[in-house]
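Use the sequences and the hints to build the structure in full.
Line order of the protein sequences matches chains A and B.
One point on numbering: in numbering that gives the first Met the number 0, the residue at position 191 of the first sequence is 190, and numbering is uninterrupted.
One point on numbering: in numbering that gives the first Met the number 0, the residue at position 34 of the second sequence is 33, and numbering is uninterrupted.
It should be emphasised that the hints constitute simulated quantities derived from the structure, not laboratory data.
Take the hints with a grain of salt, since some may be wrong.
Cβ pair distances, simulated, as ranges [claimed, not checked]:
{"hint": "1", "chain 1": "B", "residue 1": "146", "chain 2": "A", "residue 2": "28", "range": "54 to 62 Å"}
{"hint": "2", "chain 1": "A", "residue 1": "186", "chain 2": "B", "residue 2": "74", "range": "35 to 43 Å"}
{"hint": "3", "chain 1": "A", "residue 1": "86", "chain 2": "B", "residue 2": "129", "range": "27 to 35 Å"}
{"hint": "4", "chain 1": "B", "residue 1": "146", "chain 2": "A", "residue 2": "89", "range": "25 to 33 Å"}
{"hint": "5", "chain 1": "B", "residue 1": "117", "chain 2": "A", "residue 2": "256", "range": "50 to 58 Å"}
{"hint": "6", "chain 1": "B", "residue 1": "120", "chain 2": "A", "residue 2": "357", "range": "30 to 38 Å"}
Idealized CB from N, CA, C, for every residue including glycine.
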Amino acid sequence: MTAATSSYPTIAVGELLREIPRTARSDMRVPVRIYADDELWRQIADDRSVEQLVNVATLPGVVGYVYAMPDVHEGYGFPVGGVAAMRESDGVISPGGVGYDINCGVRLLAAAMDLDEARPRLEAAVHDLSRSIPSGPGRNPRLDLSTADVDRVLEEGCRFLVERGLALPEDLERLEAGGALPGADASLVSVRAKQRGHDQLGTIGSGNHFVEVQVVDELFDAAAAEAYGLHRGQLTVLIHTGSRGLGHQVCTDYVRQMDQVMVRHGIRLPDRQLACAPLTSPEGRAYFGAMCAAANFAWSNRQAITDAVRTVFGRAYGRSGRLRIVYDVAHNIAKLETHGAETLCVHRKGATRAFGPTHPETPGPYRAVGQPVFIPGSMGTASYVLAGTDAALGLSFGSTCHGAGRVMSRGEAKRSRTGAEVRRELEGRGIIVRCPSSGELAEEAPTAYKDVERVVDVVHRAGLARKVARLRPVGVVKG
Amino acid sequence: MAFTGRSGGRTYVEPVSDTTIPAATPALPSPSHEIVDHVSEIRLRVRAGSLAELLEEAGRAAAQLQLRGADATRGTWRTIEVSAPDRAALLADWLNELIYLAEAERWVGADFEVDSAEDGRVRARVWGVLIERAPALLKAATLHGLRVDDVPGGLEGQVILDV
Numbered sequence: 000m001t002a003a004t005s006s007y008p009t010i011a012v013g014e015l016l017r018e019i020p021r022t023a024r025s026d027m028r029v030p031v032r033i034y035a036d037d038e039l040w041r042q043i044a045d046d047r048s049v050e051q052l053v054n055v056a057t058l059p060g061v062v063g064y065v066y067a068m069p070d071v072h073e074g075y076g077f078p079v080g081g082v083a084a085m086r087e088s089d090g091v092i093s094p095g096g097v098g099y100d101i102n103c104g105v106r107l108l109a110a111a112m113d114l115d116e117a118r119p120r121l122e123a124a125v126h127d128l129s130r131s132i133p134s135g136p137g138r139n140p141r142l143d144l145s146t147a148d149v150d151r152v153l154e155e156g157c158r159f160l161v162e163r164g165l166a167l168p169e170d171l172e173r174l175e176a177g178g179a180l181p182g183a184d185a186s187l188v189s190v191r192a193k194q195r196g197h198d199q200l201g202t203i204g205s206g207n208h209f210v211e212v213q214v215v216d217e218l219f220d221a222a223a224a225e226a227y228g229l230h231r232g233q234l235t236v237l238i239h240t241g242s243r244g245l246g247h248q249v250c251t252d253y254v255r256q257m258d259q260v261m262v263r264h265g266i267r268l269p270d271r272q273l274a275c276a277p278l279t280s281p282e283g284r285a286y287f288g289a290m291c292a293a294a295n296f297a298w299s300n301r302q303a304i305t306d307a308v309r310t311v312f313g314r315a316y317g318r319s320g321r322l323r324i325v326y327d328v329a330h331n332i333a334k335l336e337t338h339g340a341e342t343l344c345v346h347r348k349g350a351t352r353a354f355g356p357t358h359p360e361t362p363g364p365y366r367a368v369g370q371p372v373f374i375p376g377s378m379g380t381a382s383y384v385l386a387g388t389d390a391a392l393g394l395s396f397g398s399t400c401h402g403a404g405r406v407m408s409r410g411e412a413k414r415s416r417t418g419a420e421v422r423r424e425l426e427g428r429g430i431i432v433r434c435p436s437s438g439e440l441a442e443e444a445p446t447a448y449k450d451v452e453r454v455v456d457v458v459h460r461a462g463l464a465r466k467v468a469r470l471r472p473v474g475v476v477k478g
Numbered sequence: 000m001a002f003t004g005r006s007g008g009r010t011y012v013e014p015v016s017d018t019t020i021p022a023a024t025p026a027l028p029s030p031s032h033e034i035v036d037h038v039s040e041i042r043l044r045v046r047a048g049s050l051a052e053l054l055e056e057a058g059r060a061a062a063q064l065q066l067r068g069a070d071a072t073r074g075t076w077r078t079i080e081v082s083a084p085d086r087a088a089l090l091a092d093w094l095n096e097l098i099y100l101a102e103a104e105r106w107v108g109a110d111f112e113v114d115s116a117e118d119g120r121v122r123a124r125v126w127g128v129l130i131e132r133a134p135a136l137l138k139a140a141t142l143h144g145l146r147v148d149d150v151p152g153g154l155e156g157q158v159i160l161d162v
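Right, dumping it as structure tokens:
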């Protein structure tokens, strides 16, 4: 743990909301608001998240408040779990406000069968998943794309995968933005980025990414669960990954470019990683087009993994193993959205969009209850299905948390537990584990993360999203 | 064969996590690096007598992180040139070049001979190994907390690596 307890003045706005006033530092343009209970606040104040939130509050064109979700933790530039909105007219866009893993996100698949029916062949199915979906920094030789195909993925997203037989037409309406942002321009993505990504479609990657087989073990909102097609005992699959090396290179390219043009735009920042450019500038528009393209790559990556999971479940369970997409949400992205009378560029880094029932971007099947939001727990702990709320628009630009949030560095995690110990503990709880490296298993031990139940409880009580269902893991394929 | 390294400066890992840099010792007898805890990423600190040695040592640190236990096949030399607006950005861009080559070509730079290094430009001969599958690839070198400072006896650099 770092020893950096926040020294900024804090005002309690409510039981779960603290504010750092705009006057706390002379260069702040807006206040900062942090959603947390007392326990989470102690963890937040103990790393550099607060200072990073204050730095974000200095960005040109930022409006309202800079928000921190209860899973916020120290990152680089923006903290992970931060939300900031900039006016399109005179605000900036910051690649660091999206992060290197552009459109890292989560997709939930619901099976047409329950765990009881699946259990006899579950271990074989999880093993088959680990063989069929490359993890770690692995490549996918079955989907090595030509340059032209990479460009089509970047501009058409999951629509291209329908054409290639890797997606069903009905899948598209259950993806955020239909799995393709319209502003994408493949010509703005560097050759280097395309080289890094051309054979990575359908791969998990490393770090905290995973494919997890789960069971719905508790319902909190029956109406929303019914709308999402979820019932107790049902088997589900949660996919957590992003745009892989392609997205990493897009961020690297544009952070470098913006770092060099900020002086020309008269922008001075407290942290170089916040490098940014006006949304209306050539550099700002170029990054937005490249970021949208990388986001489309990420949705396509999760789609290709979905296809592999469907193939495995078909082999294991026949027609009973068919899988329907519940939804797919991004938690590292910047999007142009209408808030009140203004068009804003909402940066969500480690935060999830959570629109309510009346929002026009909430997909048709979920208009009665709000869009689904998925909050993965740490490896081996429960994940949650939430529903977006209309109130969240006024509370957080329609955003909620994205996960549990780290409290322990990777090194500290490895020093506290061995990979073998973590594996034994998970298997002792009946969870089938497949991981290419014991070290990686130790780095992602549940003790390295905040308590996801506490994080979800805060967003529920604060009105940022409603609890719908809890998912318990039964099989983990770790990246 | 398992990669064991061909040459390099002293390497040590110090499990501390604050950003307060201890007062530098007057003499820096050989390049060294530390991999320091960060909540979600990796903080790399490098010390050396000159910019050329600093970049060589940073390259060795990246190799250490990317080659953990990886099977390395044949090695080759190549020339790498990187330019940047200042020497701190040069450290980040140098590492980003190595990260790009590791992922795009599965070629991990492991031994470094810098021919020339000035504040905004480096030219180096790099010996690297082809690997089939790296256990831990770095995503990027960030600009957060990035610095290369003059210290008694040489230079000290810091860079946060996204992993």
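Quiz item: residue 117 of chain B and residue 256 of chain A, beta-carbon distance inside 50 to 58 Å?
Solution: violated, 22 Å
Self-check item: Cβ separation of residue 186 of chain A and residue 74 of chain B, checked against the hinted range 35 to 43 Å
Solution: holds, 36 Å
Practice problem: Look at the Cβ atoms of residue 120 of chain B and residue 357 of chain A and judge whether their distance stays inside 30 to 38 Å. | Solution: Cβ of residue 120 of chain B to Cβ of residue 357 of chain A: about 56 Å, so the range 30 to 38 Å is violated.
Self-check item: residue 146 of chain B versus residue 28 of chain A beta-carbon gap, inside 54 to 62 Å or not
Solution: Violated: the Cβ-Cβ distance is about 26 Å, outside 54 to 62 Å.
Self-check item: CB-CB spacing for residue 129 of chain B and residue 86 of chain A relative to the 27 to 35 Å hint
Solution: Violated: the Cβ-Cβ distance is about 49 Å, outside 27 to 35 Å.
Practice problem: Could you see if the CB distance from residue 146 of chain B to residue 89 of chain A stays within 25 to 33 Å? | Solution: Distance hint for residue 146 of chain B, residue 89 of chain A holds at roughly 31 Å.
Comparing the model with each numbered hint stated earlier shows that hints 1, 3, 5 and 6 do not hold.
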